[in-house]
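Heads up: the protein sequence lines correspond to chains A and B, in order. Take UniProt numbering: the final residue in the first sequence is number 235, and no numbers are missing along the way. Take UniProt numbering: the final residue in the second sequence is number 260, and no numbers are missing along the way.
No wet-lab data here; the hints were simulated from the structure. Ideal Cβ positions, reconstructed from N, Cα and C, are used throughout, including at glycine. Treat the hints with care, since some could be wrong.
Calculated cross-link-like contacts (lysine to any residue; reagent style SDA-like; alpha-carbon spacing at most 25 Å) [to be verified]:
#1 Lys41(B) - Leu129(B)
#2 Lys257(B) - Phe11(A)
#3 Lys207(A) - Glu170(A)
#4 Lys3(B) - Pro80(B)
#5 Lys73(A) - Pro80(B)
#6 Lys103(A) - Lys6(B)
#7 Lys254(B) - Leu66(A)
With the C-beta cut set under 10 Å, the calculated list includes, among others, these residues of chain B facing chain A [as the list claims (entries may be wrong)]:
#8 Asp11
#9 Asn68
#10 Arg70
#11 Leu76
#12 Ala78
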Amino acid sequence: MIQIQDLYKRFGKVQVLKGVNLDIGRGGIFAILGPNGSGKTTLIKSILGMVVADKGDIKIADKSVLRKFEYRKNIDYLPQIANFPANLTVSELIGMIRNLRAKTSSHEQLIDLFDLTPFLNQKLGNLSGGTRQKVNLVLTFMFDSELIILDEPTTGLDPVSLIRLKQRIEEEKKKGKTILISSHIMSFVEEIADEIVFLLDGKIHFKGTVSDLMKQTGQQNLEYAIANILTDNHA
Amino acid sequence: MLKILKYSFFDLMRSRWSYIYFLFYLALGFVLLFLNNDVSKAVITLMNIIVVLTPLIGTVFGIMYYYNSREFTELLLAQPLKRSTIFLGQYTGLSLSLSLSLVLGLGIPFLMYGILESAAIWNFASLLLTGAFLTFIFVALAYNIALSNENKIKGFGYAVLLWLFLAVIYDGLFLISLIVFEEYPLDKFSLAATVFNPIDLSRILILLKLDISALLGYTGASFKKFFGTGLGMFISFSALMLWVILPAWRIVVKARKKDF
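Using the sequences and the hints given, assemble the complete structure.
Printed below as a string of structure tokens:
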């Protein structure tokens with residue numbers, strides 16, 4: 001589904017990505033992990049074309065996507081920080097994005113799922129962080145795209161919404177979609193991810209299943225396995 | 001692009017500042033007509049206000065709109081839209097809404113006063129056109145500055161400095177150079193210097209249209225002598241067009257390479 005070849009990106013003096021090579025197959029949930037500042041968001045934003053890579057190539061469905069825009073029709077993206085224009089209402093925002101995408105959308109069902117009906121006519125600037133994240137989730141999941149990219153989807157969600165989010169992700173997976181998730185919540189990752197991509201110092205340090213990672217590090221639990229990689233590397 | 005333009009436009013039309021700007025021009029139009037009781041004189045006074053004020057408002061709104069709509073822009077960037085579509089759409093939406101405030105704010109009082117039957121109708125129309133031009137130019141310049149500066153305070157500072165330079169300092173430097181080099185023939189130099197400042201350019205365009213030699217000043221007079229009224233207006237008009245096209249083109253180039 002996604003092939004990344006030798007991707008480099010520098011922000012000022014900081015070399016964030018130092019030759020990332022990654023091959024992500026079709027279907028399944030892939031978790032992108034890594035310490036703070038390891039380049040997870042930069043990698044995701046490069047796939048989306050929001051960050052312009054210095055070197056390397058990104059292919060989606062065997063076509064290079066650098067400097068293109070049509071391919072984003074088939075991507076649903078959940079940004080890390082849910083900031084929206086403050087003077088729009090929730091329903092206006094949803095209407096606007098639907099208008100821009102011109103795709104069939106299941107927003108009504110999602111609004112019910114996340115109990116957003118009472119907030120529909122409120123301005124986005126007046127919503128709490130968690131509610132804004134729910135709006136963010138509605139915007140992401142309302143279209144039926146083959147590739148779903150979620151950057152820290154759990155931020156600010158209450159337990160009920162978190163369970164519903166997990167169910168939703170599982171449903172999407174059953175439809176054969178490819179789902180890319182970055183997260184710091186290890187229990188969440190352990191529960192849903194089929195495969196883990198571990199970024200360290202701007203390179204892919206590990207790619208494989210959760211059990212592979214535990215075997216390799218000799219740990220019983222994902223959190224410890226990750227901590228083990230980090231301490232081994234920095235010791 | 002039209003969708004983005006439409007959203008930016010309506011977003012701004014709902015904002016309080018557009019109304020304040022509109023009401024300001026409305027009040028200004030009524031007061032000027034009431035005090036002057038003469039459309040032609042009111043047009044000259046208006047010119048002096050418009051050539052300074054529309055650039056200032058264009059600059060300030062341009063820079064604020066860019067920084068305030070960053071999140072919105074990021075949301076749009078993840079959609080299947082071209083970057084140039086997003087930024088040119090926002091730019092045109094903002095410039096159009098500001099120009100509309102100007103045209104409606106001044107147009108209503110002058111219409112009520114009977115500008116349509118007056119001989120000054122074309123002078124007045126060219127004044128509004130120039131004001132709209134200046135708005136498009138300075139919003140584009142402000143967008144350029146904002147795209148090149150992540151730091152809001154810096155961006156805002158540079159933008160205000162740019163306005164100050166073109167509206168005030170440029171003329172001062174120009175006058176000083178005329179005095180220092182008075183022994184040399186300066187008409188070509190002054191022509192060139194005018195083309196590089198959209199504010200001076202608009203002033204000359206309007207004055208050529210109004211045909212008031214006394215107010216033209218040195219540059220205006222050499223403009224008129226060199227090109228004649230017709231060609232002079234054509235050239236200043238084309239130069240204003242370039243002042244819109246070049247910064248707008250740079251918005252596209254800059255936006256293509258930027259990381260969000």
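Verification of the hints:
no.	hint	verdict
1	Lys41(B) - Leu129(B)	18 Å, holds
2	Lys257(B) - Phe11(A)	13 Å, holds
3	Lys207(A) - Glu170(A)	21 Å, holds
4	Lys3(B) - Pro80(B)	13 Å, holds
5	Lys73(A) - Pro80(B)	5 Å, holds
6	Lys103(A) - Lys6(B)	20 Å, holds
7	Lys254(B) - Leu66(A)	16 Å, holds
8	Asp11	7 Å, holds
9	Asn68	8 Å, holds
10	Arg70	8 Å, holds
11	Leu76	8 Å, holds
12	Ala78	4 Å, holds
Violated hints are absent here; each numbered hint is respected by the structure.
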